[in-house]
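Enquirer: So you can see what is in the structure, the chains are spelled out below.
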Amino acid sequence: MLSYTIRRLLGAIPTLLILIGVAFFLIRAAPGGPFDRERSLLPEIEANLNAAYHLDEPLYQQFGRYLWGLLHFDFGPSFQYRDYTVTELIVQGFPVSLTLGSIAIVVALLVGISAGSIAALKQNSRWDHGVMALSMTGISIPNFVMAPLLVLVFAVNLRWLPAGGLGDGSLRNLVLPVTALALPQIAYLARLTRGSMIEVLRSNFVRTARAQGLPTWQVIVRHALKPALLPVVSYLGPATAHVITGSVVIEQIFSRPGLGRFFVTGALNRDYTLVMGVVVFYGVLIIVFNFLVDLAYAWLDPKVRYR
Amino acid sequence: MSKHYGVLAMLAASLVAGCGGAGAGGAGEPQAQIGGASGTELAELQVLRVGNGAELQTLDPHHAEDTASFNVQMNLYEGLVAEAANGDLVPGVAKDWTISEDGKTYVFNMRPEARWSNGDPLTAEDFVYSFRRGVDPKTLSVYSYILTPLLHADDITAGKRPVEDLGVRAIDEHTLEIKLANPTPYFLGLLSHSMSTPVHRATLEAHGEQWTRPGNLVGNGAFKLDEWVVQSHVKVVRNPYYWDNANTKLEEVYFYATEDQNAELQRFRALELDMTEIIPSAQINFLRENYAKELVVAPYLGSYYYGFNVTRPPFKDNPKLRRALSLAVNRDVITKQILNVGQISSYGFVPPITGYTQQNMVEASWTQEQREAEAKKLYAEAGYGPDKQLRTQIMYNTQEDHRRIAVAIQQMWKQVLGVEAEILNQEWKVFIDTRNRKVDTQVYRQGWIGDYNDPFTYLELMRSTAGQNDTGYNNPEYDRLVAASQSAAEPHARMELLQEAERQLLADMPLMPLYIYVRPRMVQPWVGGYESNIMDHHRHKYTYILKH
Chain W
1 MLSYTIRRLL GAIPTLLILI GVAFFLIRAA PGGPFDRERS LLPEIEANLN
51 AAYHLDEPLY QQFGRYLWGL LHFDFGPSFQ YRDYTVTELI VQGFPVSLTL
101 GSIAIVVALL VGISAGSIAA LKQNSRWDHG VMALSMTGIS IPNFVMAPLL
151 VLVFAVNLRW LPAGGLGDGS LRNLVLPVTA LALPQIAYLA RLTRGSMIEV
201 LRSNFVRTAR AQGLPTWQVI VRHALKPALL PVVSYLGPAT AHVITGSVVI
251 EQIFSRPGLG RFFVTGALNR DYTLVMGVVV FYGVLIIVFN FLVDLAYAWL
301 DPKVRYR
Chain U
1 MSKHYGVLAM LAASLVAGCG GAGAGGAGEP QAQIGGASGT ELAELQVLRV
51 GNGAELQTLD PHHAEDTASF NVQMNLYEGL VAEAANGDLV PGVAKDWTIS
101 EDGKTYVFNM RPEARWSNGD PLTAEDFVYS FRRGVDPKTL SVYSYILTPL
151 LHADDITAGK RPVEDLGVRA IDEHTLEIKL ANPTPYFLGL LSHSMSTPVH
201 RATLEAHGEQ WTRPGNLVGN GAFKLDEWVV QSHVKVVRNP YYWDNANTKL
251 EEVYFYATED QNAELQRFRA LELDMTEIIP SAQINFLREN YAKELVVAPY
301 LGSYYYGFNV TRPPFKDNPK LRRALSLAVN RDVITKQILN VGQISSYGFV
351 PPITGYTQQN MVEASWTQEQ REAEAKKLYA EAGYGPDKQL RTQIMYNTQE
401 DHRRIAVAIQ QMWKQVLGVE AEILNQEWKV FIDTRNRKVD TQVYRQGWIG
451 DYNDPFTYLE LMRSTAGQND TGYNNPEYDR LVAASQSAAE PHARMELLQE
501 AERQLLADMP LMPLYIYVRP RMVQPWVGGY ESNIMDHHRH KYTYILKH
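In order, the protein sequence lines correspond to chains W and U. Quick note: the first sequence uses this note's numbering, first residue 1, plus one each step. Quick note: the second sequence uses this note's numbering, first residue 1, plus one each step.
These aren't lab readings, by the way, just hints derived from the structure by calculation. Check before you lean on any hint, since a few could be wrong.
[Stated by the list, open to error] List of simulated lysine to aspartate or glutamate pairs, EDC-like, C-alpha gap at most 20 Å:
| id | chain 1 | residue 1 | chain 2 | residue 2 |
| --- | --- | --- | --- | --- |
| 1 | U | 138 | W | 168 |
| 2 | U | 438 | W | 168 |
| 3 | U | 293 | W | 57 |
| 4 | U | 249 | U | 44 |
| 5 | U | 235 | W | 38 |
| 6 | U | 160 | W | 46 |
| 7 | U | 429 | W | 36 |
| 8 | U | 316 | U | 440 |
| 9 | U | 316 | U | 227 |
| 10 | U | 438 | W | 38 |
| 11 | U | 438 | W | 57 |
| 12 | U | 429 | W | 168 |
| 13 | U | 429 | W | 38 |
| 14 | U | 160 | W | 168 |
| 15 | U | 160 | W | 44 |
| 16 | U | 235 | W | 36 |
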């Protein structure tokens, strides 16, 4: 198990390096630069700006400088938000995305897995059809339709909840964005759980457990649920990384100052350092979560552990 | 966000926003009690919540280049000259000033009671330091051209002279002298710009790059910085040291980052915002019907036009063709049917500016039929016709309204002249890069919001050497007229020269004017002291909240 863990960790390093390299050169390959303006800058100012941000150096040297900075957790200054460094922006934005995302994932897990299990246990019943119909709707209505609808009904018309922003930081401000973010996940998780649960319930070891006369709840909770969650877990890794690094759409619609919007504004403004910063950060998170998923697999499925 | 995804998102958002009805929102509620019995009674809580568009880029006045930053900065800092609620220039830190005969030397008498937000006295030396910082190439100021009129400013920015040579001098603690390179009648207007506001030297030296953070920033405006959460909001509070603090009514102003126009509107409808930055233009009819009282549409110092690349065929040396294309466009269809927010059809480059006689293409007074007939004639004279149609390309930056206008113009050209135009969109940074290279562009979309209330902010753009002249227009006569206007001391003669320059421009037609911008926004009925103005500058020392 230990050597497995170490191997996985070492394997992550080249992945990360490739990611950094590709992102670094791709964003610079895009036409237009961070200091291109509708009104071109005075040549002296432009030269000074390029020098200040080291854009006048050869690319390989910039790349080396960037990697060196990364080793010291220094993502460099933001070109667009000139009063901040990228590290500061990530430190400010990430907790906002993390709070929203982790609540949404927990809600999605609780509701999604329960609903999926119920549907599987009462297969082809009214319960099952109800859950599946709802989850189909949940999957097919995208965020950017659901979120404004929620705002319109609960904020504009009923005035029960705020339409957006951090407000005073209380939970009230989280209800709508969490709902909008969790709904598609709930739907997907419910379908996933139902599918694998049905399969597991038909498998030989469950039949054996039943034949031995174990009570139904014990069969389900102790024997069926764990293997049934395998596909859920593998879905959960990237999904969690995605959700907690911030959903662009949700953050935009609910005006939440998370990390997600930096992807878009950074790329549009050719804010090289900001784009790189969020890409690297996101990349590390994905790698970490995939790693956790692998560990969880090993725990859930003995076959993985002994391989 | 992929293209299709974006379109879908917009569609969905407009569907959703459109189907709401007034609901509990503004229009349906009784609003008779606003301002109490007298109608002018103030609310107990003097807090203003403003939608401020995209996240601001900086609170350093010498680094700012975006409206979001300017909007906040004009409340944190004040120059020698300031603006009234209606945009008129009024004394700021300077209580009065004298201008020499030749228009090149200004002497400002500063208010001795003026202070920084930390209580330090504000002196002429502070302004000397700040102006020098503004033109210093080491400051990396994108907007340094605002200070170009100052004596030797250009040479200093180009690194040819030390900053100490700048034509700014403290005569005594509260008297400042500014020398200009040329008489610049709009100079007072430049003094209200962020680039001309003072920065607090001790703070900059103590905190370096971090000086604009809450807790560090020291300003001299009616408000001082309290909070700044990137992408969420900037909160400013009353500055008790401000010289006119007795007249400030608001205690706090929140500037919210509202990048998404639909989301901003919903927050306004949910009463979370007192005013918005803008409205989603697709919502205009819904808002006219349901929020007539809150919707405020005001003229804006902005000109929307199409440029022709005159450095390459087919538009090179072909003014007749350019004119034909310009005349074939029915501007009223664009302003009244496509945009329909109140934009003004335009046949001139410079928007209406006080003291300047607006210039128009000679055909402006004709009917559209006459213009189209003339267009056909010119098109034929330029050597085109049914057997040799012009094939060209309209390029615009990706945005829904720009697309709709491009499609309309493509159709008009096709119907009136038979021109085969394809339309192509590019993302903003790619677009300005392409445009600037003048190789792949033929006809392209451009717009310009004036930096200050003077025709020069427009006419200088089309000089052959100007960084923004992406048409490649190069007429020595035009350059001469614009240059002559800079040294003309007599305001009337100067305006005449500028008007002549614009007439020349419109005769050569390197660009075709389309419309004058308007600024639509939502303002709650209890916001008092708010006035629309052509620059869309709002200093909230004048704003207050009525009882409601």
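Enquirer: Please go over all the hints and tell whether each is borne out by the structure.
Expert: Hints, verified against the model:
1. 138/U with 168/W: 40 Å, violated
2. 438/U with 168/W: With Cα atoms ~51 Å apart, residue 438/U and residue 168/W exceed 20 Å; violated.
3. 293/U with 57/W: Violated, because 56 Å separates the two Cα atoms, which is more than 20 Å.
4. 249/U with 44/U: 11 Å, holds
5. 235/U with 38/W: 30 Å, violated
6. 160/U with 46/W: Cα-Cα ~16 Å, so holds.
7. 429/U with 36/W: Holds. Residue 429/U to residue 36/W sits at ~7 Å (cutoff 20 Å).
8. 316/U with 440/U: 14 Å, holds
9. 316/U with 227/U: Distance ~54 Å between residue 316/U and residue 227/U Cα, so the pair is violated.
10. 438/U with 38/W: 13 Å, holds
11. 438/U with 57/W: With a Cα-Cα distance of about 27 Å, the restraint between residue 438/U and residue 57/W is violated, given a limit of 20 Å.
12. 429/U with 168/W: It is violated: about 37 Å lies between the C-alpha atoms, which goes past 20 Å.
13. 429/U with 38/W: Satisfied, since the Cα-Cα distance of roughly 9 Å is no more than 20 Å.
14. 160/U with 168/W: Given that 20 Å is the threshold and the Cα spacing comes to 52 Å, the pair is violated.
15. 160/U with 44/W: 10 Å, holds
16. 235/U with 36/W: 30 Å, violated
The structure fails hints 1, 2, 3, 5, 9, 11, 12, 14, 16 (numbered hints given earlier, in ascending order).
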